[in-house]
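With the numbering used here, the residue at position 43 of the sequence shown is 81, and numbering never jumps.
You may find that some hints are simply not true.
Derived CB-CB ranges, DEER-like [stated by the list, open to error]:
#1 51 x 90: 26 to 36 angstroms
#2 91 x 71: 27 to 37 angstroms
#3 65 x 91: 30 to 40 angstroms
#4 92 x 71: 24 to 34 angstroms
Simulated crosslink set (DSS-like; lysine-lysine; CA at most 25 angstroms straight-line) [stated by the list, open to error]:
#5 76 x 94
#6 97 x 76
#7 92 x 76
Think of the hints as simulated: they come from the structure by calculation, not from any bench. Predicted model, so just to flag it, every value in this text is computed and none were measured. Glycine is no exception: its CB is placed at the ideal position from the N, C-alpha and C atoms.
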Amino acid sequence: MSQDAVTHLTEATFHEQIGASDLPVVVDFWAEWCTPCKMIAPILGEIADEHGAKLKIAKVNVDESP
């Protein structure tokens, strides 16, 4: 699993990355303190690795980019 396949977005890059994507985008809105968020992160990384040519996985830290 590679977290490199997951795009990390901020308020400044959100619209640019999502709007410019030719692929469907799954956005994970997460927080460091969120245990379920930490549990799903490796699964999203696996999905990104396996299906990176068909879709894009992105993450937004809601504490840093509300």
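Hints and how they fare:
At roughly 18 angstroms, the beta carbons of residue 51 and residue 90 sit outside the given window of 26 to 36 angstroms. For the pair residue 91 and residue 71, the supplied restraint of 27 to 37 angstroms holds, since their beta-carbon distance comes to about 33 angstroms. Taking 30 to 40 angstroms as the suggested C-beta distance range, the pair residue 65 and residue 91 does not conform, at roughly 18 angstroms. Checking the proposed 24 to 34 angstroms range against residue 92 and residue 71 shows it holds: the Cβ atoms sit about 32 angstroms from each other.
Distance hint between residue 76 and residue 94 is fulfilled; the C-alpha atoms sit about 19 angstroms from each other, no more than 25 angstroms. The suggested pairing of residue 97 with residue 76 holds, with an alpha-carbon distance near 12 angstroms, which does not exceed 25 angstroms. Under the criterion of a C-alpha separation no larger than 25 angstroms, the hint pairing residue 92 with residue 76 is consistent with the structure, at around 24 angstroms.
Hint check: violations occur at hints 1 and 3; the rest are consistent with the structure.
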